[in-house]
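*Asks:* Sequence:
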Amino acid sequence: DVSHYVKPKTPLDKEAFERGTSVYLTDRVIPMLPPKLSNGICSLNPHVERLAMTCEMEINADGEVVNHKIFPSVIKSTERMTYKAINKILESDDEKTKERYADLVPMFKDMAELHKILVKMRKRRGAIDFDAPEAKIIVDELGHPIDIELRERGTSERMVESFMLAANETVAAHYNKLHVPFVYRIHETPTPEKITTFFEALNSLGIEVTGRSNDVKPKMLQNILKKVAGKPEEAMVSTMLLRSMQQAKYSPDPLGHFGLAAKDYTHFTSPIRRYPDLMVHRLIRYYKENGTSEQVQEKYRDKLDEITLHSSQMERQAIDAERDTDAMKKAEFMADRVGETFPAVVSSVTKFGMFIALENTVEGLIHISEMKDDYYVFLEKQMALVGRHSKRTFKIGQPIEVKLINVNVEQKEIDFKLEGVKDIPKSDLLEGVELPEFKPRDNNKRRFKDKDKKRSHGNKKYHGKDKKNFKGGQKPFYKNGNKNRFNHSNKKGRRSR
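Everything in the sequence shown is counted per UniProt numbering, starting at 1 for the first residue and increasing by one.
Hints are computed from structural coordinates only; laboratory data are not their basis. Do not take every clue at face value.
Unchecked claim - The list that follows gives simulated cross-link-like pairs (lysine-lysine, PhoX-like), each with its CA atoms no further than 25 Å apart:
no., residue 1, residue 2
1, K109, K123
2, K426, K372
3, K116, K226
My request is simple: use the sequences and hints to build the entire structure.
*Replies:* Below is the structure:
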């Protein structure tokens, strides 16, 4: 219960509001609150009493919350568990770990069962799940990147996330029902224009779509992803759908969360690192102590617009900083590997070339001037590059072999070229397409002007992977799964929905 220690109008509160969120860079944290608070009196250390804010829920076999209570509490935790230990118990059935935590193992198994019930419930109502690996950049004592690993998300990470989602929804629904000023996390319905463009692209791929673009529901989009699951076009469809989404943000209006298919949603679970969560705790305490009369409600009614807007802006800044830092460290890591070849997949296609992603999530550009075997035509609707003479075709999700030719660490730019084109599939996509008169291209010239050298990736600057936006240009696709805009681990330091 951070709100007990961070009081309104204090210097501590003003600074937390200004920061809005903790910022998690590659090898360090810029905290929203002083470490003496976040790592001390507000940290749930085992065997000591801590003030907490509790959302106690009774959930039935269908994953529905049938009873709940929200109240200030005191917690004395039994153990400080790790995700790794829980995964050993639930996934590996590790006898040594099970023996060490013998008294708690039955509880962990009940938790895993409840998690499965909640996942089924979310899928049933239409929650959209873009799951993908995240990069973990390992640096040495000087901050130089020495390896890039993929973050593992096991049962324990997903289980905690399920319970956090349930708490966030329950708290939001409770205070929406009371019609009191409150802070919500919202993700609005995609615009009809974006969905129309998406449906048109699906039709061009031969994918049948039922439903209207001006009345789109999460279940409809979930079914489209199901339809293409495991097929070659899965990556392309996932990317196009991501481009159609709006951006999640904070708001005093309970507009629901489209991606989660949730009628009510807030951020309640991380007041140490997110100001909106701290504000939610403060409002809960305020209404508990003062009731919900009109007079009581007036105190915060006119303040929440500014708080939610500023919090959303600071979240965007933090995400940009995290993304840029990761991109810089990835470029630094790859700078030592110029001349090496790598397996990759096409993550995006544009008129000036294609973006590719390696298995370790590093992204780069194959500029059109490096595709010297043919004159390639960009087909926007099909999201493809097609050779005018060879008919060789590049689409999102397509596996290719690439060679690293240049790295600019300062600009966070990584350049590749194709390594062999013999096995590239061909298509008839150019048939019936009116092509301009052919002019031989000078491959020594860049096909974009100086002012475009920020390498527009869709409608956003290209600074490495764009991993936490709902909104943006053509989003990257990784070999092991689609980028996830809704389903990040709520582990401390990772962004949530």
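*Asks:* If a hint holds in the structure, say so; if it does not, say that too.
*Replies:* Evaluated hints:
1. K109 - K123: Roughly 21 Å between the alpha carbons, so the hint for K109 and K123 holds.
2. K426 - K372: Holds - the C-alpha atoms of K372 and K426 are around 16 Å apart, at most 25 Å.
3. K116 - K226: 19 Å, holds
Against the hints set out earlier in the document, no violation occurs for any number.
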